[in-house]
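Novice: Sequence:
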Amino acid sequence: MDNILEMRSITKEFPGVLALSDVSLTVERGEVHAICGENGAGKSTLMKVLSGVYPHGTYRGEIFYEGEEVQFSSINDSEEKGIVIIHQELALVPYLSVAENIFLGNEVRGVGGLIDWNKANSLATELMQRVGLDENPTTPISQLGVGKQQLIEIAKALSKNVRLLILDEPTAALNDTDSEHLLGLIRQLKAQGITSIMISHKLNEIAEIADNTTIIRDGMTIETLDMADPASTQDRIIRGMVGRDLEHRFPERTPAIGAPVLEVKDWTVYHPTQPGRLIIDHASFTVKAGEVVGIAGLMGAGRTELAMSLFGHAYGRDISGEVSMHGKRVNTQNVPDAIEAKIAYCTEDRKVYGLNLIDDIRHNISSAGLFKLSKYGWVNDNEELKVAQEYATNLNIKTPTVLTLAGKLSGGNQQKVVLSKWLYTDPDVLILDEPTRGIDVGAKYEIYTIINRMVSNGRAVVVISSELPELLGICDRIYTLAYGRITGEVPAAEATQERLMALMTVERNEAIPTEENGGLPRRQQATQSTDSDMKGNLR
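Counted from 1, the sequence shown has number 302 at position 303 by numbering that gives the first Met the number 0; the numbering is strictly sequential.
Hints are supplied without guarantee of correctness; some may be wrong.
Unchecked claim - Keeping only pairs whose Cα atoms sit at most 30 Å apart, straight-line, the calculated DSBU-like set for lysine-lysine is:
#1 Lys350 - Lys397
#2 Lys397 - Lys341
#3 Lys385 - Lys374
Please keep in mind that the hints were generated in silico from the structure rather than gathered at the bench.
Kindly generate the complete structure, drawing on both the sequences and the hints.
Specialist: So this is what it looks like as structure tokens:
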């Protein structure tokens, strides 16, 4: 067996937390090796130990690379050996060009030590071709989508003569098309002799691409599975991750749906900086008490823009349409108005818009509902602490204390803090934008349970998700969105991934309403035929 990497008995401690306990990992040369585990299991910590982010001396154990023991003092040391890590949070500078980002810290020098921009741009173009990108090397990173930015990170790694590539949740923020392209690139790198370690919560992708999978739970190595073995199923991985069988990926719920709570009519939104560009075009939908309603759409369809514009006009300009709560029209022209109208919104980007990462859990939970804790402009600190502790207990936030900084929590626990913040405002409607992005199956199940608990208390929940199985598993009805228009409304009991995808991928002219049949989009009219006719039309 030709091993490129061996990590032996790695133990890493933080104040009050044992992050890794006697963890061992062996990676064969030229393989794709997956690492699975719940949020907070220690996966990213292990990779930071390997790459020198946590330098030698801050952990116990041994690392052997290419048959020799290595002791990295910094990430520069590991990169010199050909070990490159791509973090879940991409480390690109948005205002610099593609070429500048690729060679940042590794600049292409010419005469007199000055940067040779012609050569840098030429080499950047060659690297981009290797990862399947056709972009101008002078293009600012901010003008590229997340999928292309992920590929730029890999091009940057290739510029450092990478031999062992570490990818931390590489497809977490990507749509299906971009994810498939990235997985194809990893296969190409494997064919070129580059070894990859991939941390991922997407078990279907692991089953598709990994040669071996190591499972870590509570900072300890559980087992390493040969993915060619028929016994190495997704259920086996889940059992190793959570320490038990999950009989169902989604908790069971018996719907008790009541009267309409939220009604949105003819909601229209224009781009905030590009006058005349229509983003949401006369969208109308309804959410009832005790109901979970899903919104499905491809990236760029307008899902997040719809949610943010509804929540206090946090996105867009020249917004028009009606929002009613319990049959009464309400004003949502700013965030305080939306909160007063009993609407809450959990953003898809919890680290930028959902949390203050350098503040503690207590202040994050109370931040949207301070009006409930203050009197004469003063916040009752004791009551604030009590509220935070109650939510930490009720939502099972894993933390030593509510005075812990939010940035120290795992992704799943950060998401629970965001949920706590908005639940404390007592909303009647809670909009969840990608509520389980980047969190493991066990934490997902807990989030689903919280959603069920909310609707069982009569609240209404809107879930925006890129994962169609998730929408099918937790929703009562699902709306589809394309080009900023509602293109379909399907009861979850009658929905399939194929049917939803057909409605999400209509052509632009098909998404435009016609005057016949109540102004529904053409494709939605087709869905109102018999079920058998519909299936024939959509295929």
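Novice: Look at each hint and say if it fits the structure.
Specialist: Hint-by-hint comparison with the structure:
no., hint, result
1, Lys350 - Lys397, "holds (18 Å)"
2, Lys397 - Lys341, "holds (28 Å)"
3, Lys385 - Lys374, "holds (17 Å)"
Checked against the numbered hints above, the structure breaks none of them.
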